[in-house]
Every structure is written in structure tokens, then in C-alpha cells.
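**Q** One-letter residues, chain by chain:
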Amino acid sequence: MNPKIRNSILNILLVALLGGFLWWGERNLDGYQIQVLNLIAVNAILALSLNLIYGFTGMFSLGHAGFMAIGAYVSALLILSPAQKEMMWILEPVIWPFSVMQAPFLVSVIAGGLVAALIGLLIALPVLRLGGDYLGIATMGFAEIIRVVITNITPITNGSLGLKGIPDYAGLWWNYGWFLFTLYFIVRIVNSNFGNVFKAIRDDEIAAKNMGINTFRYRVISFSIGAFFAGVGGALMGSLITTIDPKMFSFLLTYNVLMIVVTGGLGSLTGSILGSVVITILLEWLRFVENPLTIGSFEIPGIPGMRMVVFSLLLIFIILFRREGIMGMKEWTWDGLFARFGKGGKTE
Amino acid sequence: MTTHAERPCALETQHLTIRFGGLTAVSDLNLAVPHGSIVGLIGPNGAGKTTAFNIITGFYRPTEGKVLFYGEDITGRLPHLVCKTGISRTFQNIRLFSNETVLQNVMIGCHVRQKSEWWMAPLMLPLFNREEKAIRERSYHLLESIGLLPYANEISNSLPYGAQRRLEIARALATEPRFLLLDEPAAGMNPQESLELMGFIRALRKEYDLTILLIEHDMKVVMGVCEYIWVLDYGVLIAEGGPQAIQSNPKVIEAYLGEEVTADA
Chain C
11 MNPKIRNSIL
21 NILLVALLGG
31 FLWWGERNLD
41 GYQIQVLNLI
51 AVNAILALSL
61 NLIYGFTGMF
71 SLGHAGFMAI
81 GAYVSALLIL
91 SPAQKEMMWI
101 LEPVIWPFSV
111 MQAPFLVSVI
121 AGGLVAALIG
131 LLIALPVLRL
141 GGDYLGIATM
151 GFAEIIRVVI
161 TNITPITNGS
171 LGLKGIPDYA
181 GLWWNYGWFL
191 FTLYFIVRIV
201 NSNFGNVFKA
211 IRDDEIAAKN
221 MGINTFRYRV
231 ISFSIGAFFA
241 GVGGALMGSL
251 ITTIDPKMFS
261 FLLTYNVLMI
271 VVTGGLGSLT
281 GSILGSVVIT
291 ILLEWLRFVE
301 NPLTIGSFEI
311 PGIPGMRMVV
321 FSLLLIFIIL
331 FRREGIMGMK
341 EWTWDGLFAR
351 FGKGGKTE
Chain X
28 MTTHAERPCA
38 LETQHLTIRF
48 GGLTAVSDLN
58 LAVPHGSIVG
68 LIGPNGAGKT
78 TAFNIITGFY
88 RPTEGKVLFY
98 GEDITGRLPH
108 LVCKTGISRT
118 FQNIRLFSNE
128 TVLQNVMIGC
138 HVRQKSEWWM
148 APLMLPLFNR
158 EEKAIRERSY
168 HLLESIGLLP
178 YANEISNSLP
188 YGAQRRLEIA
198 RALATEPRFL
208 LLDEPAAGMN
218 PQESLELMGF
228 IRALRKEYDL
238 TILLIEHDMK
248 VVMGVCEYIW
258 VLDYGVLIAE
268 GGPQAIQSNP
278 KVIEAYLGEE
288 VTADA
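From first to last, the protein sequence lines stand for chains C and X.
Quick note: to get our numbering, add 10 to the position in the first sequence (first position is 1).
Quick note: to get our numbering, add 27 to the position in the second sequence (first position is 1).
Hints in this document: simulated from the structure, not taken from any laboratory.
This one's a predicted model, so the numbers in the text were calculated from it and none came from an experiment.
Every residue, glycine too, gets a C-beta built ideally from N, C-alpha and C.
If you only want the chain X side, here are some residues facing chain C, beta carbon under 7 Å, derived:
#1 P106
#2 H107
#3 K111
#4 S125
#5 N126
#6 E127
#7 Q131
#8 M134
#9 I135
#10 G136
#11 W145
#12 P149
#13 I162
#14 T202
Okay, the calculated bits of chain C under chain X, using three or more residues with CB under 8 Å as the criterion:
#15 191–204
#16 214–223
The task is simple: from the sequences and hints, build the whole structure.
**A** If you want it as C-alpha cells, here you go:
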């Protein structure tokens, strides 16, 4: 069989399998397990978008939390009802047009992504002239600026009180739908010649310029696409946990996404998905180390934040022993799978 | 004997000068490369040859002077636009996209002539798909003509050294240049490989209708393949002429070997 047709059929089967699993999960899993599944999808969206920026285009960006905040706030403002908004802004009343605007969930998520992409574009223009560590510091600074601005424009964002009671539309189907869309979008770009262009900029910017690539333009494009999906991820996360406040979008959130991307492998999309499954589940499962523990006659009181200590150790181990992450730069593909089992799969 | 004066000028530099602080790296350089020729730029280490390349390809803006490409002033044009105009180059220290496959490296070279836009990729527009397929086929074709087809799916930095040099040329050709700058193409090659390289360079010019300017230290290659040679020393042009004239030019010998008096001492 033509490998291309075979791969399409297998992809469709895989998506159907995922759909079947979600359908089963919705009926048989408890609320906590479903929440973990939701978090995996949202984290995967965030990891894929950061991987496009950092793993594929080589821009060390630490601004993800900022773009997520924008997405979450824009989306929340659009799906909260006018009555809810009137109740919630107790310090200063919410100003028009934010007080009355309302939109369906899908539109609100897209709007969140678009505003994040627009802000990403505006940030990119001055900041992407920097490279390496300087870029990391500058993007981190901008993310912090976004957070401070959100804290202070009380008539729009309700300041440090945050937003509560956001409608919980973001269920399994929405989250996994957006996850599949993100994956499709980024895979199409990465596998096209434009993906090659991004990788060329990552590998050798000077050679890329000499090969006729407008490196600045493509860095801005990659950064803005990444910001869009970060905004989408933020919007879904806001609706998933129904409460957002500026403190939530601190650097720690960026760090979590970065951890997933590095664990999965910089420059590997399947690695990012694998990373988000592993890290999300571990983050939940490791909660037991924060519970009080009794060994024999010893009683160890629960230490809050202990799992982050375990995680930092894990990250150090990854960097020491498997710096390229689970997948390195490789991808998990059907062709690779068939080639491994010797069924004459041709690598494309 | 100079047939070269009658042909139209592909590349011309006029009074090209660049200063880095107090150092004048290239001073009043005048080159005139006739269309369809293979010419050389030689000189001892640090003479300013690569700097001249970097000015031509837009990496440095000259302090004074002009670069003309088929009569068009391209001085200070950004590197990617210079490439679009039709000048491509290779690098002295190989600069391949090292994590990408051989095929991808060539495909990246094709990008500069690509008409579709990035947002067409997720939409699967027919225009995009067709062009993407054409680029892939063209890249395979280029690899075949340069003898790298068996390596197409290898990661480029796993290639043997000579093959990496040829891949750099293939990548440069993918940008559809009219003018090719080769920075020490024979560096690190054994005599047999350099001999093959000379034939390869001549074949390139014929097949792709190119004009080629090369920097080279291997005098056998330079004398064997170049029709006209410019000699730089400390940024200053000290001699120019055909291979025979350059070989017997006392100034050139002095630049390379030192003055006779110091040589004796």
C-alpha cells in the first residue's frame, strides 16, 4: 500500500481511538481523573507552541505565561455574562464595552489566541533583534509587564481579585479538539519547507541569511504563531479551572511548560505530547510526597511544595543523563514504526 | 589575450574600502568579473579576501565604494536580498544546517524562490502543495546531478568532509544564482579530490550558466581553473592578471614568501 495513504488511515484510526477513549472516559472516570486528562491536553497545546518557538526556531523565549494570561483574560471576559460581571467588579465597576460583550466559547478562545498573537507580534518586533540568553531575559520581562498591567487595569480585569465563576465549557471534547487542531497546524508547518526554514534559522542564522531567508521575518512569524496557541491554551485553562487571577500567571507557569518541552525533547512534537502526558501525570501522582507519612514509629509531617523539589531533581537528572529529552530531535512516525518492524516502510 | 574585457561585467566593485576602527581590512578594491568567467581572489591569510566576500554578500556595509551586479548598485543590500538578486556563496568553515538532512539543506536553499506563504501550509492549498512537491523534486534532481543522491536522507553533519563541501555548493545552487562565490572550496582536500573539484567547478559554470569567483590557497586549483586572478595583501590589491602573469609576478612571490633579503637572513 502507498505509505502516504496508509499513514492517513492510521492517523484517522488513532484519532478515532482517542475519541473512543474520551467517550469511554467521560462515562467511567471520576472528576479528578477527567481533570488530569484535561490538563494533559492543555499542557500539550502549551508545550507544542513553546516547542515551535524554542525547539524549532531556536528562540529561547520565557514569555509563555504572559501570552496565556492574555488568552485567559480575553476569553473569560467574553464568556462571562454581563450580570456576573456587574457582580464581580467590586473595587471599580467594569467599563463599557467589556461590561456587555459576550461571545460563544469557540469565538472567545480564538479571540484570546488572536489578541495574544497580536501582543506577541508587538513584543517580537523590538525583542527578536536579540538572541540567545538576552532574548530569554527580555521575554521574561515582557511576561512580567503583562502580569503587572493586568493587575492594575482594574476596570477591565478586576485587578488582583481576579475573575471567578468562569463558565466551565472547556471539557474533554473542547480541549482535545483544540489539541488536535494545534497539532495539525504545527505539524503542517514544521513538515513544510517553512519548517525547514525555521530549523535553518535555529541551526545557523548566518548561513540562513545567505541562503536568502529573511530571518527576522520568520522569527517573528514563529513567535506569533507560538503566542497564538499559548493564548488558546490560556483561554482553555481559564475555563477549565474557572478562576483566574494575575498571580497564577507568574514565571512558574512558564517554567512548567518549559519543563515539559525539555523533558519531551526540543524540536520533537511527539516528544512534547509524550512530555505533557508524563509530567502532568507525575505532577498529580507525586502529590503523595506532600502528605504526612508514617514509616514505622517515625511520623513525617507533610511538606507543601515537596513535589516541586522532586521535580527539580528530576530535571537535573534529565539534563545530566539525557540532555536531549525523551525523544531528542526525533519524531515518532508511522514510517519509523513500520521500518523498525521490517514491513518495508519507506521513510519519507 | 584578454578576451575578458569584451564580455559584459557580472560583478564590479568600485573603490571598495572597509575600516574596522583603525584597521583598513580592504582598501580601494576594484574588481571587474566578466560574465561567464571563473576568476580567483588570492592572498596570504588575513589579506581581506573573506571580508571582500562578506561585503559583496551584504554582511558588511563598506565604508566607501560600491558593489555593482550587472550594473545594478547592490551596496549595503541585506544578505537575503543579495541572495534573491542572484548571488550565492559557500563558506570557508562549512556552515551547513547540521541537524537537517541533506535533502532538507537543499530544500532550504530553494526557499528564496518559493512563492507560496507559510499560512498556506495548514490550509493545504493546491498552489502550496504543488510548489512544495516541485521543490522536493528539484532538490532531488540537484542532489543527483551533484552526486549526493545516496545521502539524501542522512543528517548533513554525518557526511564525509568532501561531501559536505559539495552539499554546500548544491545548497548554494538551489537558490538559483547567476553568480557563485566559493570560499576555499579545496580546503582540506587531497590532490585527487582537488583535481576532481576543478573539473566539477568547470562543469558547474557550463551547466548552470554561472560566473564564479573563488578564494583559494591551493595554487594548483587556482592556476588550473581561473582565467583571471586578483591578489590581495593587507587589504590592498597588489597584482592582477592571468595565471601565468601572476605566477611570475615578483610582488606576489614577495607577499607569499617574504622579501628575498629576509628570506636569506
